[in-house]
Amino acid sequence: MNRIDQKFKEENTILSIYFSAGHPNLEDTVPILKQLQAAGVDMVEIGLPFSDPLADGPTIQESSTQALRNGMTTEKLFTQLKGIREHIHIPLVLMGYYNPMMQFGLENFCQRCQEIGIDGLIIPDLPVEVYQEESQDLFNRYGLYNMFLITPQTSEERIRYIDKVSKGFIYMVSSASVTGAQSAFGDVQTEYFQRIQDMHLNTPTVVGFGISNAETYQAATSHSRGAIIGSAFIKFLENEGVERIPEFIKSIRS
Amino acid sequence: MNRIDQKFKEENTILSIYFSAGHPNLEDTVPILKQLQAAGVDMVEIGLPFSDPLADGPTIQESSTQALRNGMTTEKLFTQLKGIREHIHIPLVLMGYYNPMMQFGLENFCQRCQEIGIDGLIIPDLPVEVYQEESQDLFNRYGLYNMFLITPQTSEERIRYIDKVSKGFIYMVSSASVTGAQSAFGDVQTEYFQRIQDMHLNTPTVVGFGISNAETYQAATSHSRGAIIGSAFIKFLENEGVERIPEFIKSIRS
Amino acid sequence: MNYNVNEKGYYGDFGGAYIPEMLYPNVEELRQNYLRISAEPSFKKEYDELLKNYVGRPTPLYFAKRLSEKYNTKIYLKREDLCHTGAHKVNNTIGQILMARRLGKHRIIAETGAGQHGVATATVCALMGMECIVYMGALDIKRQAPNVARMKMLGAEVRPAQSGSKTLKDATNEAIRDWINNPVDTHYIIGSVVGPHPYPDMVARFQSVISEETQWQLQELEGRNYPDYVIACVGGGSNAAGLYYHYLNDERVKIIAVEAAGKGINSGESAATSALGKEGIIHGSKTLLMQTADGQITEPYSISAGLDYPGVGPMHAHLFRTQRAEFISIPDQEAMDWGLTLSQMEGIIPAIETAHAFAVLDVRRFKPEEILVFNCSGRGDKDLDTYIDYFKL
Amino acid sequence: MNYNVNEKGYYGDFGGAYIPEMLYPNVEELRQNYLRISAEPSFKKEYDELLKNYVGRPTPLYFAKRLSEKYNTKIYLKREDLCHTGAHKVNNTIGQILMARRLGKHRIIAETGAGQHGVATATVCALMGMECIVYMGALDIKRQAPNVARMKMLGAEVRPAQSGSKTLKDATNEAIRDWINNPVDTHYIIGSVVGPHPYPDMVARFQSVISEETQWQLQELEGRNYPDYVIACVGGGSNAAGLYYHYLNDERVKIIAVEAAGKGINSGESAATSALGKEGIIHGSKTLLMQTADGQITEPYSISAGLDYPGVGPMHAHLFRTQRAEFISIPDQEAMDWGLTLSQMEGIIPAIETAHAFAVLDVRRFKPEEILVFNCSGRGDKDLDTYIDYFKL
Ligand SMILES: Cc1ncc(COP(=O)(O)O)c(C=O)c1O
Ligand SMILES: Cc1ncc(COP(=O)(O)O)c(C=O)c1O
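Chains as they are written, first to last, in my numbering: chain C, 20 to 273; chain W, 20 to 273; chain R, 215 to 607; chain G, 215 to 607.
It is possible that some hints are incorrect.
What the hints assert, rightly or not - Each computed DSBU-like pair below joins lysine-lysine, with the alpha-carbon atoms no more than 35 Å apart:
| no. | chain 1 | residue 1 | chain 2 | residue 2 |
| --- | --- | --- | --- | --- |
| 1 | G | K259 | R | K258 |
| 2 | R | K581 | G | K492 |
| 3 | R | K356 | G | K606 |
| 4 | R | K356 | R | K606 |
| 5 | G | K259 | R | K468 |
| 6 | R | K259 | G | K581 |
| 7 | G | K380 | R | K356 |
| 8 | W | K95 | W | K269 |
| 9 | G | K279 | G | K380 |
| 10 | R | K492 | W | K186 |
| 11 | G | K356 | R | K380 |
| 12 | R | K266 | G | K468 |
| 13 | R | K258 | G | K492 |
| 14 | W | K186 | W | K101 |
| 15 | G | K380 | C | K95 |
| 16 | R | K266 | G | K279 |
| 17 | G | K606 | R | K380 |
| 18 | R | K222 | R | K606 |
| 19 | G | K492 | R | K259 |
| 20 | G | K284 | R | K258 |
| 21 | G | K606 | R | K284 |
| 22 | W | K186 | W | K53 |
| 23 | G | K380 | G | K492 |
| 24 | R | K279 | G | K258 |
| 25 | G | K492 | C | K186 |
| 26 | R | K356 | G | K356 |
| 27 | C | K53 | C | K254 |
| 28 | R | K259 | W | K254 |
Keep in mind that the hints were calculated from the coordinates and are not lab data.
Using the sequences provided together with the hints, build the complete structure.
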């Protein structure tokens with residue numbers, strides 16, 4: 020069974036963390052993963068940095084730019100992650116834009132993911148229709164789940180469609196906004212969470228974008244199966260360093 | 020008899036000097052006139068300064084601008100010239116643009132000229148046709164001659180016409196060029212002088228523009244009844260001062 | 215009354231050719247030939263084709279919807295700003311360069327203030343492969359660097375006028391001097407309806423394409439070929455002359471001329487010739503001009519270089535004196551504000567000259583059914599530095 | 215072969231809509247409606263009238279006599295430089311603003327590099343009284359001060375893109391982010407035939423008025439409605455797409471696309487996408503783009519800001535791959551020299567982008583009877599500073 024499915028079976032509420040590989044320092048990838056697992060995080064999205072991350076907010080953009088400056092590449096990331104499964108058992112998702120994957124060679128990319136033990140991919144600029152036409156077969160062949168996003172503007176019809184195509188989880192974008200921390204959710208978001216909850220989808224939903232603290236984590240997970248923290252975690256990393264990751268995780272789950 | 024006619028009767032070769040009233044210093048007008056007469060000059064053109072002397076070269080322009088800065092006005096000039104005939108007996112011609120005369124009031128202007136004893140006017144921007152229509156009668160009434168210019172481009176027909184209208188002398192522009200000293204005349208100019216001489220006009224011709232030294236004076240007067248020196252005299256005045264005027268005149272007639 | 219020029223080159227009391235004898239052959243050659251040449255079919259064909267295929271005529275007659283709503287009247291803009299080189303000036307330079315060629319001239323001179331006429335002249339000279347010298351006040355050369363660069367790009371020589379106050383008036387003097395010095399091979403392309411006859415009439419005729427087009431465009435748009443008002447700014451007066459031309463003798467059409475009041479008519483820094491000027495002679499023409507009691511021409515002032523001229527063309531002096539046109543003067547500040555208003559309400563950044571005309575909307579009332587045609591004489595790109603400075607953009 | 219877009223939004227291998235889900239509703243709404251809306255009679259009427267009365271269309275098809283003589287072939291210039299705001303860009307922004315209104319949007323965003331598209335967008339927003347935000351690289355804001363001022367004059371807000379290299383690519387990213395953040399009330403006016411389907415097709419259709427006019431103009435001038443060559447510069451490719459459009463499937467017409475070689479194709483400072491690019495995804499479209507082996511998009515370089523883009527539209531990628539079009543790349547120096555040549559031979563100062571296209575005359579031979587149509591995509595006023603610096607004018 021895919022580790023993602025396994026995790027959603029085992030845990031009621033999933034805490035997932037996003038970080039950009041190669042940031043703050045080029046070789047931080049593995050130490051961060053170890054710290055996160057040790058701190059009890061349920062899942063990790065490893066960001067493959069891209070020069071033009073147009074679906075990301077300023078914090079992730081900057082971490083991505085810094086990672087590239089540090090020398091991060093697709094090949095480099097795969098090299099870092101080689102053998103990672105000797106230490107890391109939680110589900111690992113690679114999150115990146117489509118172009119670097121295409122240039123790496125899509126099949127080659129999938130094969131390397133499989134070798135390493137990557138469980139799934141999130142590719143923000145690969146819409147579901149294109150996925151079905153261009154890459155679904157390939158991803159399946161290498162046992163990779165592809166996760167899709169839904170937003171407050173996604174129509175019910177389309178949500179149902181995405182639900183049908185989805186494996187693993189659905190990434191539920193909290194608001195019509197590129198990623199970036201916010202300190203609380205408003206009524207609009209709560210209503211949206213409720214609306215999705217009431218749809219009783221087959222695929223579990225995980226809320227992302229704007230989760231930054233215990234309060235927002237709480238709010239998100241009361242309507243969904245989990246939450247993904249990105250910007251807030253990256254800012255913490257920058258300010259406090261890899262060693263203090265457990266404190267961050269504790270503050271969320273407190 | 021008008022002093023101009025008288026002079027052309029008396030003298031075979033006329034040396035006439037132009038200067039801008041009020042330049043180099045506001046009160047130089049009368050001293051300059053006295054020096055010129057004493058030095059044996061036959062006639063003087065007194066320039067009435069104008070802000071936009073578009074038929075003049077740089078030297079005269081600048082002297083004109085300086086004169087205005089010094090405070091020269093039409094009224095001021097008339098005041099300076101009041102009683103001048105007690106000392107000055109050679110013909111005096113006022114040379115100026117039409118607009119300041121219009122503003123002074125054309126009749127008023129003529130009357131003041133007559134009172135002072137001015138013999139004639141040169142108004143570069145008053146063409147002969149307009150003169151005939153607008154001012155001939157008036158000028159006649161106040162005994163003022165109006166002198167016209169001809170240039171190397173003036174057609175024979177037009178020269179004959181101007182000759183018919185003219186009194187005093189015809190101002191023969193030496194070359195197609197705004198005033199400004201040159202050190203010698205070329206073949207083109209000599210041919211032009213000859214051509215005009217061969218027309219045997221009724222009105223005496225005086226060459227102006229580009230007379231700067233004995234040589235050009237010589238060349239001009241060998242084909243005409245006289246020459247007018249402007250720019251060269253003004254430069255001399257600026258550099259050497261009013262007192263040394265006799266030297267300048269001597270250098271021309273040597 | 216007839217408001218066109220008479221046979222002797224006068225508009226009522228104004229006009230004529232008060233020129234030095236040195237210019238007589240050139241001006242006379244032009245006077246004797248300009249009507250004949252411009253009536254030749256081959257001339258008309260070449261002129262019309264260049265206006266169409268090169269200049270981009272007809273320029274639109276654009277109904278300004280938002281402005282019309284705001285002022286509750288019908289406002290049309292004659293879009294001379296869309297002409298090649300960015301202003302109406304080129305209508306005239308195209309005509310004159312063709313005239314110059316037919317007169318056998320191969321050297322062109324011009325004066326320029328803001329540089330628009332200089333650019334339009336340099337442009338047609340490049341088009342015809344003719345030598346071009348543009349006189350421009352040394353001060354204006356510094357103030358209008360982009361237009362100087364355009365002229366140089368176009369292969370023209372820009373000669374600084376160092377005399378006087380080193381602005382437009384002096385550049386005109388220098389150009390005239392050049393013409394005096396080069397009487398045979400040179401044609402002087404004057405940039406407005408000023409100068410000795412036949413220039414005011416010739417330039418007005420070349421610019422009259424503006425009202426000629428306006429007639430059929432209005433016919434198409436409004437079912438009648440005349441407006442209630444024609445409104446234009448007046449520097450020398452060429453864009454205004456062009457817009458008024460075919461309506462001069464049509465008393466159904468009211469004429470408004472807008473001059474630059476500068477810092478205010480009584481400030482001593484103004485270019486409102488009709489208010490401040492007296493009859494006199496400037497650049498070969500009897501007209502209204504700003505001058506001292508002693509007849510010295512005064513330096514005008516306007517924030518817009520193209521209106522910064524101490525006279526108006528003789529046609530306009532006549533329209534003023536006969537009250538055929540109403541003259542209104544607009545200070546710098548209102549003109550600048552209108553530059554912004556037109557930009558933000560209609561998406562058209564006008565030349566500051568042009569902006570003056572629109573300020574009429576704030577000082578006169580118009581009826582809802584009245585049709586106003588404004589001459590949008592030029593675009594504001596040349597004025598960006600001034601706008602930037604003024605509005606701290 | 216058919217070179218138009220197919221139903222799925224692809225030109226051969228290129229095109230599509232590789233967009234984040236957050237953009238799906240907007241892009242999908244556009245995709246479902248753009249053909250229907252632009253076919254509505256009321257839309258066509260409004261669009262055509264604005265092109266005519268506001269933009270100044272038709273733009274002339276000008277026979278460049280001196281250039282034709284020098285190169286011994288028939289050279290026509292399609293005069294998009296005469297459009298209101300100074301380039302072809304406005305054909306598209308007029309269309310898109312009308313589209314946006316019909317989609318009920320009342321807030322407009324755009325990206326801009328040199329500022330031409332930003333000005334064209336700010337212009338139509340002013341015209342319609344709509345809010346306008348233009349994203350522009352912080353570096354470009356400094357380099358293109360006059361166009362920034364024009365946008366501000368027009369009432370637009372210019373927001374600096376501080377990410378990445380602070381130029382066009384980053385401004386586009388910022389605009390996309392804004393759209394993600396404002397999914398309901400905002401329309402994003404993309405400035406070239408780039409971005410996710412239906413943008414490349416929609417923009418090409420709005421620009422296709424260029425070849426539509428060229429057809430009847432050539433018919434009038436040459437008695438046949440097609441030339442032997444259509445030649446245009448390609449940044450994103452919108453002016454080229456407009457000129458090629460009605461000739462895409464007419465094999466009698468040869469297509470030449472001119473890219474910016476910058477300091478030379480192998481210098482590391484170039485924008486010659488066809489020579490240096492590989493298939494990939496940029497700004498939502500699968501196309502050719504300049505990128506590292508690792509798939510990071512590289513910063514392009516060209517002296518002309520409008521060609522300084524690391525990709526080309528998918529139509530052009532397809533024209534290149536199928537060899538329907540010949541791609542030529544021209545270095546900075548030749549382009550600049552052509553800026554001067556066109557100025558001095560025809561009196562037209564071209565945008566530096568535009569100047570690139572003409573350099574084809576030096577690298578290809580044409581026959582005397584062949585008819586070439588160059589797209590004169592924009593005027594060079596925006597580039598004066600660059601010209602001044604480069605030629606020390
Ligand atoms: C745009 C524009 N409008 C008006 C003028 C004023 O000239 P005129 O009064 O001759 O139209 C100028 C002169 O440069 C100009 O550039
Ligand atoms: C005048 C001009 N030409 C060409 C371009 C390049 O754009 P495109 O390739 O979309 O026509 C630009 C872009 O700013 C431009 O301003």
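- Item | Enumerated hints in conflict with the structure, sorted upward | 2, 9, 13, 18, 19, 21 and 28
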